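Participant: Go by the hints and put chain H onto chain P.
If you're matching them up, the sequences are chains P and H in order.
Oh and the first sequence: position 198 is 197 in numbering that gives the first Met the number 0, straight run, nothing missing.
Oh and the second sequence: position 71 is 70 in numbering that gives the first Met the number 0, straight run, nothing missing.
Since the hints were derived computationally from the structure, they do not count as laboratory data.
Treat the hints loosely; a few may be bogus.
[As the list claims (entries may be wrong)] Computed list of lysine-lysine pairs in PhoX-like fashion (alpha-carbon distance at most 25 Å, straight line):
no., chain 1, residue 1, chain 2, residue 2
1, H, Lys-103, H, Lys-87
2, H, Lys-103, H, Lys-244
3, H, Lys-65, H, Lys-87
4, H, Lys-288, P, Lys-87
5, P, Lys-221, H, Lys-227
6, H, Lys-288, P, Lys-187
7, H, Lys-103, H, Lys-218
8, H, Lys-87, H, Lys-180
9, H, Lys-288, P, Lys-272
10, H, Lys-244, P, Lys-221
11, P, Lys-15, P, Lys-221
12, H, Lys-52, H, Lys-78
13, H, Lys-87, P, Lys-221
14, P, Lys-272, P, Lys-327
15, H, Lys-288, H, Lys-268
16, H, Lys-78, P, Lys-265
In this text the structure is predicted, and so the values were computed from the model without any measurement.
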Amino acid sequence: MNKLKHHEHPEQMKVKYFSFGTKILTVIAGLGMTAFIYRFFVGLDVATNLDNQYPWGIWIAIDVASGVALAAGGFTTAALAEIFHREKYHSIIRPALLTAMLGYTFVAIGLLADLGRYYNIWHPMMPNMWSGNSVLFEVGICVMIYLTVLYIEFLPIVVERFKSKVNLPSLLAILNKPIELFLKIADKTLGRVTFIFIIAGVVLSCLHQSSLGTLMVIAPTKMHPLWYSPWSPLLFLLSAISVGFPMVIFESILASRSFKIKPEKKVLSSIAKYTPIILSVYFIIKVLDLIYRDALHYIWEGSLSSYSFSVEMLIGVIIPTIMLLNNKIRNNINGLFIAASMVIFGVVLNRINVYLVAYNPLYEIETYFPSVIEIAVTIGLISTLILVYRFVVIVFPVISIDGETKKKMENKNQFGIIK
Amino acid sequence: MEKKRREFLKVIAAGTSGLIGGSALASESSSKKDTGSYLGVLVDTVNCIGCRKCEWACNQENQEEKLELAKFESKEVFKTSRRMESDKFTVVNSYDNPKAPEEKSFLKVQCMHCNEPACVSACIVGALTKSENGAVSYDAWKCIGCRYCIVACPFQVPTYEYHDVLTPEVKKCTFCYHLIKEGKAPACVEICPEEALTFGTRKDLIELAYSRIKKSPDKYYPYIYGEKDIGGTSWMYLTGVNYNKTQLPELPERPIPEITESIQHGIFKSFIPPLALYGLLGLIMYSTKEKENSEGGENE
Chain P
0 MNKLKHHEHP
10 EQMKVKYFSF
20 GTKILTVIAG
30 LGMTAFIYRF
40 FVGLDVATNL
50 DNQYPWGIWI
60 AIDVASGVAL
70 AAGGFTTAAL
80 AEIFHREKYH
90 SIIRPALLTA
100 MLGYTFVAIG
110 LLADLGRYYN
120 IWHPMMPNMW
130 SGNSVLFEVG
140 ICVMIYLTVL
150 YIEFLPIVVE
160 RFKSKVNLPS
170 LLAILNKPIE
180 LFLKIADKTL
190 GRVTFIFIIA
200 GVVLSCLHQS
210 SLGTLMVIAP
220 TKMHPLWYSP
230 WSPLLFLLSA
240 ISVGFPMVIF
250 ESILASRSFK
260 IKPEKKVLSS
270 IAKYTPIILS
280 VYFIIKVLDL
290 IYRDALHYIW
300 EGSLSSYSFS
310 VEMLIGVIIP
320 TIMLLNNKIR
330 NNINGLFIAA
340 SMVIFGVVLN
350 RINVYLVAYN
360 PLYEIETYFP
370 SVIEIAVTIG
380 LISTLILVYR
390 FVVIVFPVIS
400 IDGETKKKME
410 NKNQFGIIK
Chain H
0 MEKKRREFLK
10 VIAAGTSGLI
20 GGSALASESS
30 SKKDTGSYLG
40 VLVDTVNCIG
50 CRKCEWACNQ
60 ENQEEKLELA
70 KFESKEVFKT
80 SRRMESDKFT
90 VVNSYDNPKA
100 PEEKSFLKVQ
110 CMHCNEPACV
120 SACIVGALTK
130 SENGAVSYDA
140 WKCIGCRYCI
150 VACPFQVPTY
160 EYHDVLTPEV
170 KKCTFCYHLI
180 KEGKAPACVE
190 ICPEEALTFG
200 TRKDLIELAY
210 SRIKKSPDKY
220 YPYIYGEKDI
230 GGTSWMYLTG
240 VNYNKTQLPE
250 LPERPIPEIT
260 ESIQHGIFKS
270 FIPPLALYGL
280 LGLIMYSTKE
290 KENSEGGENE
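So that you can see chain P by itself, here it is in the shape it has in the complex (with noise of 0.2 Å):
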């Protein structure tokens, strides 16, 4: 992976670090911080609305769920360009993969929030605590695994940016050597067994995101019936790959925007193939699955759960796959971009379904709705997780370049941060 082809050109994105939406989104950042920080002040009973019929909130159904299957575009493209060879998707790669970095690594800081004992979260890890009946425990060790995998996916890049260049000032500068060091082993040794890495990303990836489909299937008699299914976790599958192409277009056009780059139309639109076929094999296997279970007649029975689950099809799968199907919107970067946003709005939504929406507990008091310091750190969690991927994107060699922008870019001479 670390070895570049002649028609990638990954660049650090030379543009000043705030911009006026930067700007912005730190300030919403912030205020997150300040909410997350505040929730260890004051704990869980003030911070947020739940209670004991409602133990789980957005911080499991957004910043947990949802998040996973959002870093989905890490294994599918690692599958897609790596695994299988598909050279004219390499461009792709490290995007996808500093995605799922960052993704998974603020899916863990979202959890620290919603664990009573967040200092306990090493538990899982010891050998005489681990508990093998527990599809929990197999989501959180594979994410462990899978994120420690993401990391050492990533170190190629910093060898590239930072090989023979580690120069940290004043102070630091003792640490200097011993970097330098580090990233020369990395080098030599990487490059011979990232596809070890790279194969065990796409397996842990395959084995989380269906468990994620199972852990509801534990209180079957709280679930509604659009939801519950033994073959959720297939369904999880199969949605979070629907989702990894679509997220790596949604943000590649945002970024291209924000970088004032050309968005890379012809391998965006040709990895728009794949999703109409993913989503349609999820669509038929949930239809097969609500008849089958004799659940389908649920979606006319006019409360939020049946009303929730038009949305989620229609927007998430049924339309998306009309409009990807049609050569001239995917040929379209506004078409491909407004397509993505809804599949990628349908599988948030089918994770908020399932953690909230489809869980009806005895004796509710109240439904839960989110309180503001829970929605505050949600979107604080969000916008940070942008703000350093701006961050990375100008530091490291990530994001490609095809090499008309690239001339038109020293053209004009902007000034980077970093030179």
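Facilitator: Showing chain H alone in chain P's frame:
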């Protein structure tokens, strides 16, 4: 291109069927069946007079803040249906019993101590365990506070100390584990003035329950709630009306862990499905690379 796409889908299909299809090979489950060692309590809701002394005894035995008996004497509480809280492991509610219209019938609720507890199966660190004597116990030291046990419990029993900033715990009836392991009865059973709570082995209690139903068929609804529900529970109920007219939830007989654990063990059956997927992907990676080389690099 077409061929490759088909390959891609085929592999995804193979991978997922490996993951999911394996569930048919359900393997060892965490849950043990009652072999006679499980203790239990028979709650005879027809005999219960709603004195709430069990609530008080529970408070004295299990809470740090000991409340006076007088605090548990009000009958006002029966106007609403209450649930357990992190400092109340049991509560008594009332239900309408047409067989005794002049009087209300009462239903004590607490952790059911399932034979095959969903919470134990769910717990990510093994903080919840099922003991030989049937009690479902909690180890706060292991707990990470994910509250998945609360999601999993079909009776909506475990509560959480949300108000505790640093060391919140999952709280629920302990079956007075510290007492029953010494052969004593739980505090609530000990204090019960009527024959509403009976402590013994599950087997004996089921027999006792059947004999009571047989003796007074017009007094009882002929069903022992908890004998088979959700795989059986240590705490079982006799009711005057159909249990679904009380707050006891209608549940299937199949224990919950059977479903999730069969999926789980299917996926992880001796690590074969993940390793097979790994091998398959490795093979594809190797073979497509070969092709690319023989075709001279770019193939599209």
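Participant: Compare the structure with each hint and give your call.
Facilitator: Evaluated hints:
Between H/Lys-103 and H/Lys-87, the direct Cα distance comes to roughly 23 Å. Compliance with the 25 Å bound is thereby established for this hinted pair. Restraint check for H/Lys-103 and H/Lys-244: satisfied, since their Cα atoms lie roughly 13 Å apart, inside the 25 Å limit. At roughly 11 Å between alpha-carbon atoms, H/Lys-65 and H/Lys-87 fall within 25 Å of each other, so this suggested pair holds. With a CA separation close to 14 Å, the supplied pair H/Lys-288 and P/Lys-87 stays within the 25 Å bound.
Among the hinted pairs, P/Lys-221 with H/Lys-227 is consistent with the structure: their alpha-carbon atoms are about 19 Å apart, no more than 25 Å. Between H/Lys-288 and P/Lys-187 the alpha-carbon distance is near 22 Å, which keeps this suggested pair within the 25 Å criterion. Taking the CA atoms of H/Lys-103 and H/Lys-218, the gap is near 13 Å; set against the 25 Å cutoff, the hint holds. Using a Cα cut-off of 25 Å, the hinted pair H/Lys-87 and H/Lys-180 holds, with the two alpha carbons roughly 22 Å apart.
A distance of roughly 23 Å separates the Cα atoms of H/Lys-288 and P/Lys-272; the hinted pair therefore holds under the 25 Å criterion. Proximity of H/Lys-244 to P/Lys-221 is assessed by CA-CA distance (about 19 Å); at most 25 Å being required, the pair is judged to hold. Simply put, P/Lys-15 and P/Lys-221 have alpha-carbon atoms about 51 Å apart, too far for the 25 Å limit, and the pair is violated. Restraint check for H/Lys-52 and H/Lys-78: satisfied, since their Cα atoms lie roughly 18 Å apart, inside the 25 Å limit.
Our distance criterion of 25 Å between C-alpha atoms is met by H/Lys-87 and P/Lys-221, whose separation comes to about 24 Å. Taken as a hint, the P/Lys-272 and P/Lys-327 pair is honoured in the structure, with Cα atoms around 12 Å apart against an allowance of 25 Å. Distance check on the hinted pair: H/Lys-288 and H/Lys-268 sit about 31 Å apart at the alpha-carbon level, beyond 25 Å; violated. With a C-alpha separation of about 69 Å, the suggested pairing of H/Lys-78 with P/Lys-265 is violated against the 25 Å cut-off.
Checked against the numbered hints above, the structure violates hints 11, 15, 16; every other hint is satisfied.
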